[in-house]
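Residue numbers (this note's numbering), protein chains in the order written: chain H, 9 to 260; chain S, 9 to 260.
Please note that a few of the clues may not be correct.
Chain copies aren't distinguished; within one or between two, either way the pair holds.
[Claimed, not checked] Each computed EDC-like pair below joins lysine to aspartate or glutamate, with the alpha-carbon atoms no more than 16 Å apart: (1) Lys23 / Asp56; (2) Lys63 / Glu37; (3) Lys184 / Glu256.
These aren't lab readings, by the way, just hints derived from the structure by calculation.
These figures come from a predicted structure and were not determined experimentally.
Number of protein chains: 2
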Amino acid sequence: MADRLQKHSGAVLRKALETGAIDRAGSEEDIRLADILYLCLYPQADVDFTREHRKVIRPGCLVTDTCGIKSWLCPRMTALAKESGFVFVGGHPMAGKEKNGFDQSDGTLFRGASYILVPCGAPHRDVERLEAVALKLGFSGTVETTPEEHDRIIAFTSQLPHVLACAYVQSPQCPKHRGFSAGSYRDVSRVATINETMWTELFLENRSALVKELDTLTGHITEIRDAIASGNAEALSSLLRKGRLIKEALGE
Amino acid sequence: MADRLQKHSGAVLRKALETGAIDRAGSEEDIRLADILYLCLYPQADVDFTREHRKVIRPGCLVTDTCGIKSWLCPRMTALAKESGFVFVGGHPMAGKEKNGFDQSDGTLFRGASYILVPCGAPHRDVERLEAVALKLGFSGTVETTPEEHDRIIAFTSQLPHVLACAYVQSPQCPKHRGFSAGSYRDVSRVATINETMWTELFLENRSALVKELDTLTGHITEIRDAIASGNAEALSSLLRKGRLIKEALGE
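If we strip away everything but chain H, and leave its shape as in the complex, we get (with noise of 0.2 Å):
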């Protein structure tokens, strides 16, 4: 993805232009001018890009990023934010699509979405500005967090469905899916247009937060199997109960 990026952002940059969703390429003089900087690359190509460029990041500078793992981006960053004189506040914007480029793009994206912000031990003033930048793009609020809090539920409410829906379409059934599905396989199997090389480094990133997830998911089906398998009624019924119950209390 890196490299498609990479090859295409002439033409990605033009479009944009074009478009009017940007005034220019960026060059290293906007670095030096910049009051905010949002780094919308992958975690390790953040850390790159900030030590790379980290003589250009005026001092006060408030840097920020937009990737999905925490634990293993904020101390690389906060020390580089120490080394250097600017400040890092982690962002991680919840709202996705199952496809990516420019192309993609839609304005109504961050609409009504929540916006995670990881302070790491940040002035308050600066997680505000972030604060108020979410808002004026759409989104509903944000909600401030720890960096290990953040892997711990993001491996749960992102990452896993992602392992699922690729998991899942491996099925020998899949293929002749049409005509027999309906909202369930299109909800499972949404995601597993995944982008391998992004999220290969997530989830390797949050590797042991991930595993506790999967290994937790897999035991509750496995329990589930157990009570189809044995024939179970009573057990069955009552393990799905159990989830009905925890989705209703939610109040979803």
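For this one, chain H is given, so just place chain S on it according to the hints.
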């Protein structure tokens, strides 16, 4: 659920009459006059109802069901049909919701959906009659299949996502998801508001196909899990790409 329906059927009937959804509450006389009889009960209740009323179903009447399993149901219904002189064709509208009850009815639910027909040896003209009704109801088309193929594919497209949703929301992270979630969480957890009475019956009546799908799924999840746990980027990326290519080959 069956109990709840019974208890509230008076109120439901009144609402259905008031909104014009039905012309009148049916009687034995209506069954006697029927050209087509749609059974919209759970599988065991479909069989019980038919057995109880088989003497008033006139010879040649076309009886069909709408339930989600067929290998268990079809031989029982076909035996009753033979015994009583009516015709049975299995049916399964591929349109549903994560909520149930009359208040959840939706005039657009069938639009664009597929209607599965399981002829079970019935004359072709009877299958065509049900197809014509399905198209009038707004379905976009029908597919014909055997009870066994129906159950194998439905185990994957419909039953598996319901097991998954109930297993997924049991993670200790689930109650903390607000502010940390978006479409992926919503999609995988949606059908956790399960009707456990109905699905317990459906799962147990499709036990072998469903257990096979569950084992296939946990096998594929475990492959991805092991690649993550061992930090094997190449294996992980290749497993995710496999999922993407399957999904893309389906044009989705």
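Within a copy, between copies, both or neither: where do Lys63 and Glu37 come within 16 Å Cα-Cα?
within (12 Å within a copy, 88 Å between copies)
I want to check one pair: Lys23 and Asp56. Are their C-alpha atoms no more than 16 Å apart within a copy, between two copies, both, or neither?
For Lys23 and Asp56, the Cα distance exceeds 16 Å both inside one copy (26 Å) and across copies (64 Å).
How would you classify Lys184 and Glu256 at a CA-CA limit of 16 Å: within, between, both, or neither?
For Lys184 and Glu256, only the inter-copy Cα distance (14 Å) is at most 16 Å; the intra-copy one is 33 Å.
Taken one by one, the earlier hints fail for this structure only at number 1.
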